[in-house]
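S.K.: Since the structure of chain A is already known, use the hints to place chain B on it.
Listed in order, the protein sequences are those of chains A and B. All you need for the numbering used here is the position in the first sequence, starting with 1, plus 17. All you need for the numbering used here is the position in the second sequence, starting with 1, plus 129.
Just so you know, the hints here were simulated from the structure itself, not pulled from any lab data. Just so it is clear, the structure is predicted and the values come from calculations on it, not from any experiment. Hints should not be assumed to be uniformly reliable.
[What the hints assert, rightly or not] Straight-line distance between alpha carbons at most 25 Å, and here's what the computed SDA-like set of lysine to any residue pairs gives:
no. : chain 1 : residue 1 : chain 2 : residue 2
1   : B       : Lys479    : A       : Glu99
2   : B       : Lys454    : A       : Pro62
3   : B       : Lys454    : B       : Gly423
4   : B       : Lys150    : A       : Tyr113
5   : B       : Lys479    : A       : Gly65
6   : B       : Lys150    : A       : Pro105
7   : B       : Lys454    : A       : Asp24
8   : B       : Lys479    : A       : Gln104
9   : B       : Lys454    : A       : Asp103
10  : B       : Lys454    : A       : Glu85
11  : B       : Lys454    : A       : Glu115
12  : B       : Lys150    : A       : Glu139
13  : B       : Lys137    : A       : Ser51
14  : B       : Lys150    : A       : Glu106
15  : B       : Lys479    : A       : Asp76
16  : B       : Lys479    : A       : Glu93
17  : A       : Lys29     : B       : Val152
18  : B       : Lys150    : A       : Asn144
19  : B       : Lys479    : A       : Glu67
20  : B       : Lys484    : A       : Asp103
21  : B       : Lys479    : A       : Asp30
22  : B       : Lys150    : A       : Glu99
23  : B       : Lys150    : A       : Lys120
24  : B       : Lys150    : A       : Ala83
25  : A       : Lys120    : B       : Arg424
26  : B       : Lys467    : B       : Thr451
27  : B       : Lys454    : A       : Thr82
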Amino acid sequence: MAHYPSDLRYTKDHEWARLEGDIVVVGVTAFAVSELGDIAHVELPEPGTEVDAETAFGDIESVKTASELFAPVSGEITEINEDLADQPELVNDSPYGEGWLVKIKVSDSSEVDKLMDAGAYEGFLGNV
Amino acid sequence: MDDATLRKTPLHAEHERLGAKLVPFAGFHMPVRYEGVVAEHHAVRQRAGIFDVSHMGELLLEGDRALDAINTLITNDIFKLVDGQALYTVCCNAQGTILDDLIVYRLSATKVLVVCNASNVAKISKHIGERVSGICDFRDLSDETALLALQGPMAEATLRGAGAGALADLKFFHAGEGEVAGYACRVGRTGYTGEDGFEIFCANEDAPGIFRALLESGDGYNVVPVGLGARDTLRLEAKLSLYGNDIDETTNPIEAGLSWVVKLDAGDFIGRDALVAIKEQGLKRKLVGFEMTGRGIARHGYPVLYEGEEVGVVTSGSPAPTLDKNIGLAYVPKKIAKIGKEIDIQVRRKVVRAKIVKTPFYRRQKP
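Here chain A stands alone, though its shape is the one from the complex (with noise of 0.2 Å):
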């Protein structure tokens, strides 16, 4: 099995978050990028849209199908990753580097601690 990075939170959506201050980092994980396959196309909300924890702010597209980006923490989205428009495919060769996807703004920090962490994570996707 993959070893999944101990500094990043994960979701059971299969997406990662890395708090910075009170900016939360999100991407999605090797697993997911594995599953999806070659992605062709990020659609991403304008910065300063609001998103809910576990609710769908976005989509992620491989070549043969559309699956739902969901929120691992509620707050604003501060930034999106502009270089996704025009290389997607940095979520395949990068997906916890230049393949990040959004940065949120928290409103409650403790939502992260709420996450699994990378043992948990690798737990988790044994169940799978």
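M.R.: Okay, now just chain B, sitting in the frame of chain A:
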């Protein structure tokens, strides 16, 4: 359907060995991709790829009246063929809508092979079997027959390298019997990708040997196994219809752009009267190709808008790796079905601009 009830093709162990991602399709465990859809797509356009399409159906009609029998069930005309030649056709119901699209081989003056879609094997086997009963012998060979497709500019060299002899010299839409890698098989120069290529019918137990021999023969050209994911993007670029998406029992071949396989002067067939009437009344809608000019990917079932009003539906849509565009097919009213016309696609929460374009989207350069 859970995994336990899914059927496996004779190449199942090969797919697992090659690390394929397997998905349920038409009741089978089928490889959707190995290395990746885009890489496999380019491999077929630039080199060649090998597909397992053993889930498809094969029906054999035999007897003095086999050709007459099949000709009453298809829109195209088997009497235009010579022995050993094949044609593409649709099979309609009495309303002139499409039960399935088929490749029909005139193997000889008394022998016909029909290849149908996996999702339609039960329906078409029953439809044809019942109607030819008492006229000719009928056998459904689907369960005992494996089918491999070898597609791409290096397909001929790959087949030749696998010891296919004269089968590698077949002309387009012609078929012959012989051996590949020492295994008895039937080969047709047909396919579903818009490239040159072959389809190889063999006994289930011989399929792994042929599959490996083709991979080995093609290794020097970097020929790769290809899954259903790339099969779909390849066929869409070439505007080859997908049953269940672009054509089905609610669509007729005229509006689907398949008039070229409807031979109204070739004697009577099921659906002929209805198709004559459809032609006389004129079409209400047409299947058109479009490319997205705004950002977004159209998918099967998305609404088509024109000047703000819903006027049609997308039947197929995806990225087109060869063209580096997002493309699709849709039924739209005839008055809108014009090259260059701007339409909108409702892509979930967003309306995205598209433009009707000429099809096929991709046409290979013939040598």
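S.K.: Each hint should be assessed against the structure and marked as holding or not.
M.R.: Results of checking the hints against the structure:
1. B/Lys479 / A/Glu99: Given that 25 Å is the threshold and the Cα spacing comes to 18 Å, the pair holds.
2. B/Lys454 / A/Pro62: Measuring from Cα to Cα gives roughly 22 Å; hence the hint holds.
3. B/Lys454 / B/Gly423: Holds, at roughly 10 Å.
4. B/Lys150 / A/Tyr113: holds, 23 Å
5. B/Lys479 / A/Gly65: Holds, because 18 Å separates the two Cα atoms, which is no more than 25 Å.
6. B/Lys150 / A/Pro105: holds, 21 Å
7. B/Lys454 / A/Asp24: Roughly 37 Å between the alpha carbons, so the hint for B/Lys454 and A/Asp24 is violated.
8. B/Lys479 / A/Gln104: Holds: B/Lys479 and A/Gln104 sit about 21 Å apart, inside 25 Å.
9. B/Lys454 / A/Asp103: holds, 12 Å
10. B/Lys454 / A/Glu85: holds, 22 Å
11. B/Lys454 / A/Glu115: The hint holds at about 23 Å.
12. B/Lys150 / A/Glu139: Status holds; Cα separation ~20 Å.
13. B/Lys137 / A/Ser51: Holds, at roughly 23 Å.
14. B/Lys150 / A/Glu106: Judged against 25 Å, a Cα distance of about 19 Å means the pair holds.
15. B/Lys479 / A/Asp76: With a Cα-Cα distance of about 11 Å, the restraint between B/Lys479 and A/Asp76 holds, given a limit of 25 Å.
16. B/Lys479 / A/Glu93: holds, 21 Å
17. A/Lys29 / B/Val152: holds, 21 Å
18. B/Lys150 / A/Asn144: holds, 18 Å
19. B/Lys479 / A/Glu67: Given that 25 Å is the threshold and the Cα spacing comes to 18 Å, the pair holds.
20. B/Lys484 / A/Asp103: holds, 20 Å
21. B/Lys479 / A/Asp30: Answer holds: B/Lys479 to A/Asp30 is near 23 Å, not above 25 Å.
22. B/Lys150 / A/Glu99: Violated, because 30 Å separates the two Cα atoms, which is more than 25 Å.
23. B/Lys150 / A/Lys120: At roughly 32 Å apart (the allowed maximum being 25 Å), A/Lys120 and B/Lys150 break the hint.
24. B/Lys150 / A/Ala83: holds, 18 Å
25. A/Lys120 / B/Arg424: holds, 22 Å
26. B/Lys467 / B/Thr451: holds, 24 Å
27. B/Lys454 / A/Thr82: Given that 25 Å is the threshold and the Cα spacing comes to 16 Å, the pair holds.
The earlier numbered hints that this structure contradicts are 7, 22 and 23.
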